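Enquirer: Produce the complete structure using the sequences and hints provided.
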Amino acid sequence: MNTISLNEVLETVMQLPPEQQEMLIDIVRHRQIERWRQEIAEDAQQSLAAYHAGEYKPQSAVQVIRELRLDLDEDDE
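Here this note's numbering is used: the first residue of the sequence shown is 215, the next is one more, and so on.
In short, the hints are calculated from the structure, not lab data. Certain hints may be false.
As the list claims (entries may be wrong) - Label-pair distances were calculated between CB atoms; the ranges are:
#  : residue 1 : residue 2 : range
1  : D257      : D290      : 22 to 30 Å
2  : P232      : Q260      : 36 to 44 Å
3  : L224      : G268      : 48 to 56 Å
4  : W250      : A275      : 19 to 27 Å
5  : L282      : L238      : 20 to 28 Å
6  : R251      : K271      : 45 to 53 Å
7  : S261      : S219      : 35 to 43 Å
8  : M215      : R245      : 48 to 56 Å
9  : R283      : R249      : 30 to 38 Å
10 : E288      : N216      : 29 to 37 Å
11 : L238      : D290      : 40 to 48 Å
12 : L224      : E248      : 18 to 26 Å
Note that the coordinates shown come from a computational prediction; the quantities given were computed from them, not determined experimentally. From the three backbone atoms N, C-alpha and C, an ideal C-beta is built for every residue, glycine too.
Expert: Spelled out as structure tokens, the structure:
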């Protein structure tokens with residue numbers, strides 16, 4: 215696979231007309247957002263599968279907040 219440096223990419227992009235530079239920025243931004251959405255969806259599917267497999271137990275919001283605070287306190291030590 216042929217690799218290209220970030221500097222080479224930037225130099226190439228700067229040779230494009232301004233409208234195409236804007237289009238490229240939009241395309242990259244949308245692809246990045248879509249990749250984040252896909253990662254979130256995969257995490258959610260894994261969490262649901264773990265929940266259905268009994269790896270997680272239902273908890274109240276108070277319990278979750280208490281555990282989060284305990285974890286944060288442990289990290290501070």
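Enquirer: Each hint needs a verdict: does it hold in this structure or not?
Expert: Status of each hint after checking the structure:
The beta-carbon spacing between D257 and D290, approximately 26 Å, falls within the hinted interval of 22 to 30 Å. Taken as a hint, the range 36 to 44 Å holds for the pair P232 and Q260, whose Cβ atoms sit roughly 42 Å apart. At about 50 Å, the CB distance of L224 to G268 agrees with the hint of 48 to 56 Å. Under the hint 19 to 27 Å, the C-beta atoms of W250 and A275, about 26 Å apart, fit the expected range.
The hint said 20 to 28 Å for the Cβ distance between L282 and L238, and at roughly 41 Å that hint is violated. Separated by about 28 Å at the C-beta atoms, R251 and K271 break the suggested range of 45 to 53 Å. A hinted range of 35 to 43 Å for the beta carbons of S261 and S219 is consistent with their spacing of about 38 Å. The supplied range of 48 to 56 Å is broken by M215 and R245, whose beta-carbon atoms lie about 19 Å from each other.
For the pair R283 and R249, the beta carbons lie near 32 Å from each other, so the given range of 30 to 38 Å is met. Distance hint for E288 and N216: a CB-CB separation of about 48 Å, inconsistent with the stated range 29 to 37 Å. Against the hinted window of 40 to 48 Å, the Cβ-Cβ separation of L238 and D290 comes to about 44 Å, which satisfies the hint. At about 23 Å, the beta-carbon gap between L224 and E248 stays in the expected band of 18 to 26 Å.
The earlier numbered hints that this structure contradicts are 5, 6, 8 and 10.
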